[in-house]
Amino acid sequence: MSTKDFVTGMDSNARKSPRRVAFITRRTSAQVKVADEETLQTFPEVLFRAAVAIEVMAIGLVTMALLFNAPLEGIADPSHTPNPAKAPWYFLGLQEMLHYFPPVVAGVLVPGLVVMALIVIPYFNINIEAEGIFLKDRQRRLQIFYIATGALILFLLLFHVFVALVPTLIVAAFMILAAQSSPQSSSALRRYLASKPLSYWIMSWFLFELAVLTAIGTFFRGPGWSWVWPWRS
Amino acid sequence: MAKTVDQYFDNLRDTRVWRSIFRSGTGSSTLKRSLAIQQNVFLHLFSTKVRRRMVSFSATWYLGTLTLGTFLILVVTGILLMLYYHPSVPQAYADTKDLQFVVSSGLFLRNLHRWSAHAMVFLVFAHMFKVFYRGAYRPPREFNWVIGVVLLLVTLLLSYTGYLLPWDQLAYWAITVGSNIASAVPVFGDKIHFMLLGGNLVNANALLRFYVLHCMILPLAAIFFIAIHFWRIRKDGGLYALSSEPSTLQKAALAKEAR
Numbered sequence: 001m002s003t004k005d006f007v008t009g010m011d012s013n014a015r016k017s018p019r020r021v022a023f024i025t026r027r028t029s030a031q032v033k034v035a036d037e038e039t040l041q042t043f044p045e046v047l048f049r050a051a052v053a054i055e056v057m058a059i060g061l062v063t064m065a066l067l068f069n070a071p072l073e074g075i076a077d078p079s080h081t082p083n084p085a086k087a088p089w090y091f092l093g094l095q096e097m098l099h100y101f102p103p104v105v106a107g108v109l110v111p112g113l114v115v116m117a118l119i120v121i122p123y124f125n126i127n128i129e130a131e132g133i134f135l136k137d138r139q140r141r142l143q144i145f146y147i148a149t150g151a152l153i154l155f156l157l158l159f160h161v162f163v164a165l166v167p168t169l170i171v172a173a174f175m176i177l178a179a180q181s182s183p184q185s186s187s188a189l190r191r192y193l194a195s196k197p198l199s200y201w202i203m204s205w206f207l208f209e210l211a212v213l214t215a216i217g218t219f220f221r222g223p224g225w226s227w228v229w230p231w232r233s
Numbered sequence: 234m235a236k237t238v239d240q241y242f243d244n245l246r247d248t249r250v251w252r253s254i255f256r257s258g259t260g261s262s263t264l265k266r267s268l269a270i271q272q273n274v275f276l277h278l279f280s281t282k283v284r285r286r287m288v289s290f291s292a293t294w295y296l297g298t299l300t301l302g303t304f305l306i307l308v309v310t311g312i313l314l315m316l317y318y319h320p321s322v323p324q325a326y327a328d329t330k331d332l333q334f335v336v337s338s339g340l341f342l343r344n345l346h347r348w349s350a351h352a353m354v355f356l357v358f359a360h361m362f363k364v365f366y367r368g369a370y371r372p373p374r375e376f377n378w379v380i381g382v383v384l385l386l387v388t389l390l391l392s393y394t395g396y397l398l399p400w401d402q403l404a405y406w407a408i409t410v411g412s413n414i415a416s417a418v419p420v421f422g423d424k425i426h427f428m429l430l431g432g433n434l435v436n437a438n439a440l441l442r443f444y445v446l447h448c449m450i451l452p453l454a455a456i457f458f459i460a461i462h463f464w465r466i467r468k469d470g471g472l473y474a475l476s477s478e479p480s481t482l483q484k485a486a487l488a489k490e491a492r
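In order, the protein sequence lines correspond to chains A and B. Take 1 as the starting number for the first sequence in the working numbering and just add one per residue. Take 234 as the starting number for the second sequence in the working numbering and just add one per residue.
One should not assume that every hint holds.
[Unchecked claim] In silico lysine to any residue, SDA-like type, Cα no more than 25 Å apart, as pairs:
(1) B:330 to A:211
(2) B:265 to A:37
(3) A:86 to B:403
(4) B:265 to A:47
(5) A:196 to B:296
(6) A:196 to B:363
(7) B:424 to A:182
(8) B:468 to A:49
(9) B:363 to A:60
(10) B:468 to A:130
(11) B:363 to A:113
(12) B:282 to A:39
(13) B:363 to A:208
Simulated from the structure, these hints should not be mistaken for laboratory data. A quick note: this is a predicted structure, and the numbers were derived from the prediction, not measured.
Construct the complete structure from the given sequences, taking the supplied hints into account.
Structure below.
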């Protein structure tokens, strides 16, 4: 059979690949796109792990439900407004912004833009790029960064949003450190920062602002949305 | 020799009735285990195999799985709570009080529902950020990311509509504050506000609307999008694992090596 131009092979490991027949012609080679790597059967191994994870969490939630009671206040009374009237905790970041900006900005424009921004993330190459932001075209990108950050800081100062200024300055400081670093830097932190793309920085800033504004709305706001210290009630 | 539990289970799986329901039959070969997934209307949303390193805790922190877990707890406790609840004013508040003091385990049910709801909102956010930082939103998974954003909004709305149902001061004023934001929408603001509440103020109509949204429309929407979300994981090549495929990152690395 010297004229044969393809060989037939069957994986001898039936557990690994049941009924897998491969035809490999002599002239072409199979295009290997994905490295073969070890897999687990979803049933039962992965489902079992998922069930254990959910059960552990359920135990935690049940314990919490036994120890702490859900809040229940007096019956709804339209004529008696509590001070402050607070939204659920996940909207307190928004409510905190309502304190600084007109409702159409804080309540409509900002959340609308956030949702739009989240949706379009995977559709822009700049977000798919995984290269450090300052590794290419450093001078021009630094200029754009300084102008954009400066404008944002001015904007926040103009509306007296000092609480949102802190995360902005911290993230900006890390970005400047990233610009001063390179993949050859000696410290691991600097190598890490240098490798981060623009999308990473924007998302981290968003996460930081979200956490800070929500925490302030939850713990640091009292009557008339005035600043209070939670340990001095 | 005494039979092991496994053997009893195998005998059960070999009976005519069991085989009429689950067709994959006895045995634990890879084929049978694959069939257990493929031939089940719910499980076939998942792929039959998962990369071993994606099962480790650090890969995903199991955040998506746990979010599903909270959703299941919420469905079960929610249905039980519905048995004791009338969405009318002022009966809603009296029913909540009864749950607290009269109904057996009513307090526990409500507590579990409330804490699970908070946990779900938190887990959905955590899941989103984890997926982002892993870069798992990148093509070909971009549409599943969008479905995820939709599920985030559905979760927030589910939690928000449920917030009103106890009809206490906390509920009433939180919804008043929240729904007033809708009025800020240019041109149609007041119309949207009116449609949301069924009136100009939070009242009995608003309670009924929020009840229908909370117990019917939004859960169905959530189930619909969760199904697509899971199915797309399989269709998009399984859970995203770094360098499991020629991603942009790898291409860049390969190009660098070639240079």
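Exercise. Do the alpha carbons of residue 265 of chain B and residue 37 of chain A lie within 25 Å of each other, as the hint requires?
Worked result: Holds - the C-alpha atoms of residue 37 of chain A and residue 265 of chain B are around 21 Å apart, at most 25 Å.
Exercise. Taking 25 Å as the top limit, are the C-alpha atoms of residue 330 of chain B and residue 211 of chain A close enough?
Worked result: violated (34 Å)
Exercise. Given the hint that residue 282 of chain B pairs with residue 39 of chain A, does the C-alpha gap stay at or below 25 Å?
Worked result: holds (6 Å)
Problem set entry | Given pair status - residue 296 of chain B, residue 196 of chain A, alpha carbons within 25 Å | holds (24 Å)
Exercise. Is the Cα-Cα distance between residue 86 of chain A and residue 403 of chain B 25 Å or less?
Worked result: holds (8 Å)
For this session: For the pair we were handed, residue 424 of chain B and residue 182 of chain A, check the Cα-Cα distance against 25 Å.
Result: violated (54 Å)
Problem set entry | Proposed proximity, residue 113 of chain A with residue 363 of chain B (alpha carbon, max 25 Å) | Holds, at about 21 Å.
Exercise. Going straight from one Cα to the other, do residue 468 of chain B and residue 130 of chain A come out at no more than 25 Å?
Worked result: At roughly 24 Å apart (the allowed maximum being 25 Å), residue 130 of chain A and residue 468 of chain B satisfy the hint.
Exercise. Given the hinted pair residue 468 of chain B and residue 49 of chain A, is their alpha-carbon gap at most 25 Å?
Worked result: Holds. Residue 468 of chain B to residue 49 of chain A sits at ~22 Å (cutoff 25 Å).
Exercise. For the pair supplied as a hint, residue 265 of chain B and residue 47 of chain A, is the alpha-carbon distance within the 25 Å limit?
Worked result: Roughly 15 Å separates the two Cα atoms, so the pair holds.
Exercise. Given the proposed pairing of residue 363 of chain B with residue 60 of chain A, does the C-alpha separation stay at or below 25 Å?
Worked result: The given pair, whose Cα atoms are some 22 Å apart, holds under the 25 Å limit.
Exercise. Straight-line Cα separation of residue 196 of chain A and residue 363 of chain B no greater than 25 Å?
Worked result: Within the cut-off at roughly 15 Å; holds.
Checked against the numbered hints given earlier, this structure breaks hints 1 and 7; the rest are met.
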